[in-house]
Amino acid sequence: MAALIRWALFLGAVALAAGWWITRPERVDAAALAGLTPDLALGERTFVAAGCASCHVAPETSGGDGQPVLSGGQRFASEFGTFIAPNISSHPEHGIGAWSDEEIVTAVMKGVSPGGAHYYPAFPYTAYAKAAPAEILSLAAYLRTLPASDVPSLPHEVGFPFNIRRSVGGWKWLFTDEGWAVEGDLSPDAAAGRYLAEALGHCGECHTPRNPLGGLDISRWLQGAPNPSGRGRIPGIDPGSLTWSEADIAYYLETGFTPDFDTAGGSMVAVIDKTAQLTPDDRAAIAAYLKAVPPKVE
Amino acid sequence: MQRITLSAVTVGLCIAVAAGGYADSHSATDPAVKARHGHMQLYAFNLGVLGAMAKGEMEFDADRATAAAANLHAVARLDETGYWPEGTSSDAMEGSRALPAIWEKMDDFEAKQQGLIEAAATMEGAAGSLDGIRANIGAVGGACGACHKPYRQSDD
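The listed protein sequences correspond, in order, to chains C and L. Position 276 (the first sequence) corresponds to 276 in my numbering; numbering is contiguous. Count along the second sequence from 1, then add 298; that gives the number in my numbering.
Careful, some of the hints might be misleading.
[As the list claims (entries may be wrong)] Derived pair list, reagent style DSS-like, types lysine-lysine, alpha-carbon separation capped at 27 Å:
1) L:353 - C:291
2) C:274 - L:353
3) C:296 - C:110
4) C:110 - C:130
5) C:274 - C:110
6) C:291 - C:130
None of these hints come from the bench; they were simulated from the model. The model shown is predicted, which means the values in this text are computed figures rather than measured ones.
For reference, chain L alone in the conformation it holds in the complex:
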């Protein structure tokens, strides 16, 4: 009886894991992973304003652009203590794309974060003009990519 119960639980767990993976490979239940994803959403939302203006999809508005750049800078500077607990890598759980290399090279990981803080600070100073946004958005994208290159799992 006990064996049957265990098997049933195992099968149930497998189905739950598979269904979770099928429903959304980015779904996460761990609070730290959810916080990380929310943090990235805040970057994307504010970058969306700057990017849409740079691409000519949104009319340039100096106040709106400066606010978005200031937010970007502020989010980049958030204290991430507690964001990266052991056991929350892409190897350890479903829904995480954080590669184990983060925990192997935490100093470099933090240096990459510092790179984004600097790029966002420059953007905040330049976002009062459309030319300023266009001149600096590539560097912000480069700072994002510098970290996503070694530390985020490829996924479609």
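Chain C extracted, bound-state conformation:
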């Protein structure tokens, strides 16, 4: 009997240790960044293509003139609670102004704060994990050039058990996939588009349906999903759902006009604001990629 209890305790300890190991916050290797040189122009392009401002500008900020002030405060309702975008301006206390390169790249690519806490995946680090570290390092340098805001970040409104940050480590272990969602040989254009769409643009975050735990269902990649934080549906953009020509897709990403001259609405308006700032080649690449996505089969 005593032996049995000892065994149970031992197995329990092993399970705890495994759980602790699985849910540990990972960091990027500072040595891996040491040889890289940040490029501000590249950082600005990454900032636009990754859509950082879409979520981190203050609520009801319209796009357009001037440098974005990333004071945070936009609310993102979900079935797990309401997430509130934090201040990521260059302010040394309320923003990321005092963070090191390694801390910023770890936050963006690993979803881990300088203090070692997991971020919630409302922040699309599972997409950014696929980006080139040199590009995220450049993004870090660019973020420091943007205006400072002293608006404090607000706590997320998330209830038990999702308020246990360590549990997000388990979520990451289950659902972080550093490979591409669309595999196989792609044309150079489609491959460039894949990088823009999967690693930076994080299209899948809204356009791909999720499982009950909030992980993306890769087998239904970009096939449309319920609107995660509002009414209605996010449309499918795989070739089975979206039958526009590549030129039509590129034009939509430039102007927001659909082929029959309806326009983008909802969250997509902020996306168009960014894709309009990319080059025509970038928009054509995204269009080529969308045609290479496995089509939805009815």
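Go by the hints and put chain L onto chain C.
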């Protein structure tokens, strides 16, 4: 008997509502909602001319382009009194994609409309050249999106 009749009516209504939703999520029977949809069709029809020229799908014609831009400007300036009665939001009826936020922020909603009027006026002045259309159509799309972002329900 009365209970049976009521049940039958309820079931019938449910089927009618479901069938209506199935047939066309954009179908609307309310006159104000129908007018709003028609108004949007007029934008799309005239934007289609400007957009097709900008995309190179239609040969540029200065008169046709200027007429389309003038129409766009005129439609944007239509008096919308009576367009937005209470009870015609996406919450209140089938076939409406007008979010309740419109009625909560009517001043901002009208400011967004003013934004389209200004963008359309600029387009009307510029539509005599293909470069003018290309330089301004993004701003028109931006004005459409500025309103569709907070006030129109996402839908496919």
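For each hint, the structure was consulted:
1. L:353 - C:291: Holds: residue 353 of chain L and residue 291 of chain C sit about 20 Å apart, inside 27 Å.
2. C:274 - L:353: Holds, at about 20 Å.
3. C:296 - C:110: Violated - the C-alpha atoms of residue 110 of chain C and residue 296 of chain C are around 31 Å apart, more than 27 Å.
4. C:110 - C:130: holds, 10 Å
5. C:274 - C:110: holds, 24 Å
6. C:291 - C:130: holds, 21 Å
The structure is inconsistent with hint 3 alone, although it conforms to all the rest.
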